[in-house]
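Visitor: Going down the list, the protein sequences come from chains A and B.
Counting along the first sequence from 1, when you hit position 105 you're at 114 in my numbering, and nothing is skipped either side.
Counting along the second sequence from 1, when you hit position 189 you're at 1438 in my numbering, and nothing is skipped either side.
Treat the hints as calculated values from the structure; they're not laboratory data.
A hint or two may mislead.
[Claimed, not checked] Now the stretches of chain A that chain B is said to cover, found in silico as 3 or more residues with beta-carbon under 8 Å:
| no. | region |
| --- | --- |
| 1 | 57-67 |
| 2 | 79-90 |
| 3 | 209-219 |
| 4 | 279-285 |
[To be verified] Under 7 Å between C-beta atoms, here's a sample of chain B residues computed to sit facing chain A:
| no. | residue |
| --- | --- |
| 5 | S1251 |
| 6 | G1269 |
| 7 | G1352 |
[Unchecked claim] Taking CB as the label site, the calculated pair distances span:
| no. | chain 1 | residue 1 | chain 2 | residue 2 | range |
| --- | --- | --- | --- | --- | --- |
| 8 | B | R1263 | A | R290 | 30 to 40 Å |
| 9 | A | G38 | B | R1263 | 46 to 56 Å |
| 10 | A | E100 | B | L1331 | 22 to 32 Å |
| 11 | A | R189 | B | V1496 | 21 to 31 Å |
| 12 | B | V1446 | A | G38 | 34 to 44 Å |
| 13 | A | R136 | B | G1404 | 45 to 55 Å |
| 14 | B | F1282 | A | R65 | 53 to 63 Å |
| 15 | B | V1497 | A | E100 | 32 to 42 Å |
| 16 | A | Y24 | B | W1460 | 19 to 29 Å |
| 17 | A | R136 | B | F1467 | 43 to 53 Å |
C-beta: ideal position from N, C-alpha, C; glycine also.
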Amino acid sequence: MTNPIIEASALTKRYGSARGVEDLSFEVGEGEVFGFLGPNGAGKTTTIRTMLDVIRPTSGTLRIFGLDPRTDGVRVRDRAGYLPGELALYERLTGSDYVRTFASLRHGVAWPYVEDLADRLSLDLSRKIADLSHGNKQKIGLVQAFMHRPDLLILDEPTQGLDPLVQQTFYALLEQQRERGVTVFLSSHVMPEVERVCDRVAIVREGRLVAVEDIGELKARARRRLDLHFDGPAPTEAFARLPSVRRAEPNGDALMLTVEGPLDAVIKEAARFTVVNVETREPSLEDLFLAYFGADGGPPASDPSSRSETTS
Amino acid sequence: MSGLLTKAVRDQRRGLVGWGIAVAAVVAMYAAFFPSIAKSAADLQRYIDNLPEAIRNIVAGEDYSTPIGYLESEFFNTMGPLVVLIFAIGAGSRAIAGEEESGTLDLLLSTPVRRAQVLVTKAAAIVGSAAALAVVAAVSIALFGPPFDLTVPIGNVLAACSMLALLGLAFGGVSFAVGAATGRRTFANAVGGGLAVVTFIVHAVGPTVDWLRPLRPFSPFRWYQDPGLLTGGLHARNVLVLVGIAVVSFAVARIAFDRRDLSS
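So here's chain B without its partners, still in its complex pose (with noise of 0.2 Å):
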């Protein structure tokens, strides 16, 4: 068992440096920008502060002239969940289905271990792996957010970094079920890329066009961040559908990847 897990460390630790270096170069340039932009956008705010209120809700976001806003809105909401959601989808789509198309898996399971031993190694490596890139977007923050007076309390940087790992999880856990239920990467792949940009721009958008705002719920990405990543801490509701979503689709995977046959 131990072999399993040590494979399956070793198979994330390849791709999680080169991740690992993107979320913090990713973490370094906006740090790098706040201060111009927090120097314009302190500009821009008075100009929509003077702005009618119907009007100020629509073009008004998040506050770019504060830490927080500019955080929020530039690393969590986009960049952030951008990089962190390839990994995973990308972890969770290889785990079973990358080493079934290679050929591997077939020899790994003639060996005495269970497929759901199997599950459990490579879940608890891409879990690892998902915390572990978290660690380094709150280091990156603590470390290039001070220089440039982009500085936010630690606590809430670790609360939004936390979500981030979840966020991953949840749709990681999803390709990881569809390539244990299938055993095709590439289609895994994309149920997992697409369901995460439908999803996105449901949270995104739906705010203006009334027919996509009952869908809002569904969308992974309203429980990331609502009501505001770095603001409120952690939400026992978020972090348990986010949570939910991973362990249905382990439970999916499990259950799936026990029924049938292996291609080969």
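Just chain A, same shape as in the assembly (with noise of 0.2 Å):
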């Protein structure tokens, strides 16, 4: 990696007996959108925070822009702008001036640019933060994140309670931070919005990292299910003996598929019969977990949530 703005080196932090993160390693590279991904609890929070030196590594070592948070943290948070999880803010203020107290702890905040972010979210700056919806609080946290043009993005959860159209606002801004070359850290739990808006992509479960991997890769291991209904019983023989058909149900005139990789060899098959319809699902982060632990024989490779949809 050319120039690494983020480095984390067997980085670990436990709290006394509930878990934090163990042993991660990692690097993102300058101008990458970097997606930090895994189910709730699996230490996604905890890693950012010691970024903010919010809480301390118990050993390992992490640095941004090349400084030691713990102790060069001030120049650190300088450069970076990060929006948290679990957004709390000053509720008797107003949004205005919530963001020019936040201004005024940075360098480099133009206020045509804080009315512009906040013009394109359509958020009204000028009401009670206490007044404001879920969404509405959201977009305060993104401005303040935005607003002095940092150099490294650190954004936990950032689309939660956001509605789709504000989400699609939310994926134009990033769009053009990528093209201003700034670097992007962003934790989720969910696959779809990495997969559109990431370049590489650190799995965590359970505080240890899985994977990481490009989206490519990423997307080709991803598990799919693809419904397929035919003109007449499902030919459900055929499918199953495709390599990449990792499971194959037939339901009336519908097969039920759970695939792997690439869909090419389905979708020719397919073709052989009348297809009726055909229905996609998007893969779930399980569906994720399961390409990577299911099939290598690690832990066991239950599936409670393709139970659930073949029966519904």
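Two chains, each in its own frame: build the complex with the hints.
Guide: In structure tokens form, the structure reads like this:
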């Protein structure tokens, strides 16, 4: 990697008996949009809070812009913008008083840019924060994270609670930052979001790093759900013997498939039959973990989600 | 940085207005009672003066019939500290622990400020508030006293009100430090408030309970009132003790807050 912005090496945080993160090593390059994907409680927020020196690692090292957040936190945070996962704002202030308070703590905030951000998010800064909806509070969080044009954006579950329209605006803002060469560290527990915006993804589970992959490879390994509806009884055998098909369950005229990697073989097989309808489902995090654990005889490959889907 | 201080002052303002009104109301009320109490106190005092000396020492407290005696015992030794301490202990525990518990501290410390800067501005706002309450008390006494013949030299009033503010800062400082060290607001309130109650009792009951007497020097109230709030002006040693408690508390807060993880 030419110019790493974040370097974590054997980063470990333990809280008494509770789980933190264990032995995380990864690098995020300049200008990269890096996803940090894992279910709730996997250690995503713990990792992010060590970057901001809000909590301190038990062992291991962390460098951001080549600096140790523990000793050079002010310089690190000067160049970083942060959106917490559990956003808590000063409820009694208006949006504009809030942003002004935070702007005074930072360098390089141009008020017209703040107004521009608020406009694009259709956020009314004059209202008292206590009166805002969850989504609008999240927008204030976004404005304060972006307003000083940071070199690094650290976003903890940024689209949580945003309605789909605002999510699109957020993705557009993020795309603009990427074009400016901003490095982004984005945590998420939803696969499609990471697929959509990230270049590379680290997958965390129970405090440990499962894998760091390019998005392309991740997609290739991801399991997809595909329901094929035929004009007659489902030809289960024809599909079950394909190497990419992990599971094939007939349900009347429909066949429910779980496919790993490219869909090509399945589509070509389907072309031999009369297909009435095709339904696809986004791969879930569970499907993704199965790709990493289930096939290789790792932890038990229980898949409760697939069972519930076949009965629904 | 300016935003930090503005925010810290703004946080104090709302509560401060209420407590300022409370101080003024308490002063006005006691001033209004003074004429009738002074009259009956004079009768009482004549009776006390005729008692044997040993008994007299136990019974006699402040001289209620004089403005200084009345103000000292009714306001500066009871209601004044009560109001100022409730305010200061609450503000002290809210400063860090309150903000940490509500979750807003995370985002504040994600900006390029040092934790020490946050502590300094929060502490400065509390010092300012305590000073403001002292001014309100002094002005109230100067304003509401004379119409009821409750007249005390303004210099003495200012000295006593300054000591009142320092007493608040000593206990508020303890809550501030406990809150900064633990992040737990209720706990910080309990430690500051509990300490105030215990040390007040030690000071008030100490003279009549043998085993408590040696503990009196450990009570901040001893340094707050002795030898007499409204008579002697400011005593350097008393000022130093109360300021010392506040300064040590701040130092503890600084060291402890810098070292620990914030709770999420």
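Visitor: Against the earlier hints, flag every one the structure doesn't satisfy and list their numbers going up.
Guide: Hints 3, 4, 6, 8, 11, 12 and 16 not satisfied by this model.
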